[in-house]
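Peer 1: One letter stands for each residue in the lines below.
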Amino acid sequence: MSSTLVLGILEQGLVYGIMALGVYLTFRVLNFPDLTVDGSFTLGGAIAAAMIVAGHRPAVATLVAVLGGLAAGAATGLLHTRLRVSGLLAGILTMTALYSVNLRVMGRSNVPLLRRETLITQVESLWASPWTTLLFLLVAGLAVKLLLDWFLQTEYGLAIQATGDNPAMIRSLGVDTDQAVLVGLALSNGLVALSGALVAQYQGFADVGMGIGMIVAGLASVILGQALVRVRGVFFGTLAALVGSILYRAAAGLALRMGLAPGDLKLITALVVVAALAVPRTLEWAGQLRRQARPRSERGGEYA
Amino acid sequence: MLSLRGVSKRFRLDGGWERPALQGVDLFLAEGDFATVIGPNGAGKSTLLNVVAGTLRPEEGQIWLDGRELSHWPEHRRARWIARVFQDPLRGTAAHLTVEENLALAWARGRRRGLRRAVGARERRRFQEWLEQLNLGLEHRLKQPVGLLSGGQRQALALVMAAATRPRLLLLDEHTAALDPTASRQVMELTCRLVAEHRLTVLMVTHNMEQALEVGNRTLMMHEGRIILDLQGEARRRMGVEELVASFARLRGERLVEDRLLLG
Ligand SMILES: Nc1ncnc2c1ncn2[C@@H]1O[C@H](COP(=O)(O)OP(=O)(O)OP(=O)(O)O)[C@@H](O)[C@H]1O
Ligand SMILES: [Mg+2]
Numbered sequence: 268m269s270s271t272l273v274l275g276i277l278e279q280g281l282v283y284g285i286m287a288l289g290v291y292l293t294f295r296v297l298n299f300p301d302l303t304v305d306g307s308f309t310l311g312g313a314i315a316a317a318m319i320v321a322g323h324r325p326a327v328a329t330l331v332a333v334l335g336g337l338a339a340g341a342a343t344g345l346l347h348t349r350l351r352v353s354g355l356l357a358g359i360l361t362m363t364a365l366y367s368v369n370l371r372v373m374g375r376s377n378v379p380l381l382r383r384e385t386l387i388t389q390v391e392s393l394w395a396s397p398w399t400t401l402l403f404l405l406v407a408g409l410a411v412k413l414l415l416d417w418f419l420q421t422e423y424g425l426a427i428q429a430t431g432d433n434p435a436m437i438r439s440l441g442v443d444t445d446q447a448v449l450v451g452l453a454l455s456n457g458l459v460a461l462s463g464a465l466v467a468q469y470q471g472f473a474d475v476g477m478g479i480g481m482i483v484a485g486l487a488s489v490i491l492g493q494a495l496v497r498v499r500g501v502f503f504g505t506l507a508a509l510v511g512s513i514l515y516r517a518a519a520g521l522a523l524r525m526g527l528a529p530g531d532l533k534l535i536t537a538l539v540v541v542a543a544l545a546v547p548r549t550l551e552w553a554g555q556l557r558r559q560a561r562p563r564s565e566r567g568g569e570y571a
Numbered sequence: 011m012l013s014l015r016g017v018s019k020r021f022r023l024d025g026g027w028e029r030p031a032l033q034g035v036d037l038f039l040a041e042g043d044f045a046t047v048i049g050p051n052g053a054g055k056s057t058l059l060n061v062v063a064g065t066l067r068p069e070e071g072q073i074w075l076d077g078r079e080l081s082h083w084p085e086h087r088r089a090r091w092i093a094r095v096f097q098d099p100l101r102g103t104a105a106h107l108t109v110e111e112n113l114a115l116a117w118a119r120g121r122r123r124g125l126r127r128a129v130g131a132r133e134r135r136r137f138q139e140w141l142e143q144l145n146l147g148l149e150h151r152l153k154q155p156v157g158l159l160s161g162g163q164r165q166a167l168a169l170v171m172a173a174a175t176r177p178r179l180l181l182l183d184e185h186t187a188a189l190d191p192t193a194s195r196q197v198m199e200l201t202c203r204l205v206a207e208h209r210l211t212v213l214m215v216t217h218n219m220e221q222a223l224e225v226g227n228r229t230l231m232m233h234e235g236r237i238i239l240d241l242q243g244e245a246r247r248r249m250g251v252e253e254l255v256a257s258f259a260r261l262r263g264e265r266l267v268e269d270r271l272l273l274g
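Residue numbers (my numbering), protein chains in the order written: chain A, 268 to 571; chain B, 11 to 274.
Check before you lean on any hint, since a few could be wrong.
Stated by the list, open to error - The calculated EDC-like cross-link candidates involving lysine to aspartate or glutamate, where the alpha carbons are at most 20 Å apart (straight line), are:
1) B:K153 - A:D416
2) B:K153 - B:E139
3) B:K153 - A:E422
4) B:K153 - B:E184
Since the hints were derived computationally from the structure, they do not count as laboratory data. Because the structure is a prediction, the values reported are computed rather than measured.
Put together the whole structure using the sequences plus the hints.
Peer 2: Right, here's the structure in full:
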């Protein structure tokens with residue numbers, strides 16, 4: 268593989284890795300299957316691109332994109348906690364509504380950022396080297412990871428973790444679990460929108476379809492990462508999401524190199540997720556068979 | 011301290027209303043009271059605790075604690091003063107979080123949870139002290155996920171999480187029923203110790219008649235959503251298990267007659 272290809276894979280892995288961190292927060296920590304992601308990712312890209320084209324500073328545009336993502340996540344959270352809409356449906360409703368919002372924000376289906384000043388061009392003008400973008404995205408990805416690690420270890424962050432683990436228990440300890448879900452969803456989609464905003468600036472355009480399949484790509488990253496980094500705890504969980512995202516982009520790049528059409532990628536991604544979900548099931552099933560074969564006396568104490 | 015006035019709760023089923031689970035329950039617990047609650051399956055014991063904790067809302071009646079009316083407060087707000095331990099050891103702790111993280115969650119009971127680090131050196135020392143009293147060796151396992159502990163250990167941990175944070179009221183719903191005899195005895199001893207140490211007011215559901223008479227200072231007997239007997243003082247000291255069972259049969263009979271009269 269050429270070094271530019273490797274560089275590209277690492278860059279993409281990191282920039283999409285921030286989205287995977289958001290997916291980790293909802294799917295793994297909160298135990299909430301949030302499908303808002305496809306919409307909030309595009310929203311981030313749309314807001315950033317539209318504001319940059321309108322002449323705003325890239326940093327400001329990116330910040331507003333994050334706020335948009337927070338609002339999108341909060342919308343899903345409100346649908347779920349106030350109106351008691353199921354988690355899946357709440358995400359789908361917001362995602363669908365966001366399609367129209369994103370078109371409105373951009374004014375058309377594609378906003379190019381050619382020859383515009385973006386965060387990427389800004390850092391590249393600071394230090395001209397082929398490594399600049401990678402370094403910037405590495406710092407960004409790690410900063411988000413460490414921030415998320417820190418937050419989840421705070422009193423409130425721990426309450427969010429417990430909400431995903433045992434909501435009845437944490438309510439009996441005085442936590443408003445509805446609020447915890449709402450905050451978790453908002454933060455997650457804030458990260459997803461940040462990723463969308465950075466991707467738009469990285470690739471030089473925002474497109475109304477840029478978020479399609481994002482949730483499955485995020486899931487694939489989280490699952491791949493966890494297959495590799497098998498240590499419990501938040502620190503390794505977020506690390507796994509980032510590593511998984513790089514792995515996923517590497518696999519996708521490889522597939523394209525082998526002559527697969529870009530359009531087939533989503534099918535492959537879905538199959539990867541299915542396989543990853545099936546493997547532990549199958550292992551568990553095989554384990555049960557083995558356990559049943561063992562004499563009863565050996566079994567005690569397994570869950571002692 | 012705690013007072014319930016005319017509390018009624020019924021469950022809605024597909025076809026309409028189910029027989030009421032609580033029927034106009036009046037109850038007053040004084041500061042430091044330790045009341046055991048007995049009664050047959052379906053008598054409404056768990057419902058009584060759920061209504062006090064706020065997990066269920068009664069249709070009628072009021073619930074007061076320390077001069078505040080809690081009837082319309084959500085569960086998580088009441089949790090500031092009311093702690094509970096469930097029958098199922100899996101319900102009282104978060105399996106994927108570590109022992110110290112679970113304790114930190116409990117330690118923050120009733121306080122605003124902010125962006126302070128949940129488990130620092132000071133907290134860790136405090137938790138270690140709490141756990142050393144249990145003599146279960148848990149003080150060496152602070153960083154292990156709770157899912158690795160045994161049912162008895164998890165229940166002991168849940169009990170510490172409920173009691174060591176000094177709630178105004180402690181609710182225990184058959185919290186030793188799912189444990190083996192040894193673990194059950196240990197957890198019961200621990201309960202008495204923690205209750206005495208922190209001078210807690212307690213409502214404890216049990217199916218063990220001896221326990222119901224030995225532990226605490228009051229025994230409440232429930233049947234069909236009502237408290238049909240409230241034993242305390244001399245009468246309770248003189249009461250034996252057989253006599254208690256006999257009085258249940260007698261009181262239930264009277265109740266039946268009374269209901270029939272009311273209906274007639
Ligand atoms: N969530 C519910 N939905 C419908 N009915 C319920 C529900 N919870 C309890 N009940 C009914 O309310 C009545 C009282 O139940 P409760 O659980 O309070 O009894 P209990 O005294 O705790 O019994 P046990 O000793 O079996 O735990 C029962 O008739 C029960 O079927
Ligand atoms: Mg019960």
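Peer 1: State for each hint whether it applies.
Peer 2: Results for each hint:
Using a Cα cut-off of 20 Å, the hinted pair K153 of chain B and D416 of chain A holds, with the two alpha carbons roughly 17 Å apart. The hinted pair formed by K153 of chain B and E139 of chain B meets the criterion: a straight-line CA distance of about 15 Å does not exceed 20 Å. About 17 Å separates the Cα atoms of K153 of chain B and E422 of chain A, which keeps this hinted pair within 20 Å; it holds. A threshold of 20 Å between alpha carbons decides the hint, and for K153 of chain B with E184 of chain B the separation of about 29 Å lies outside it, so the pair is violated.
In the structure shown, a violation is registered for the earlier hint numbered 4 alone.
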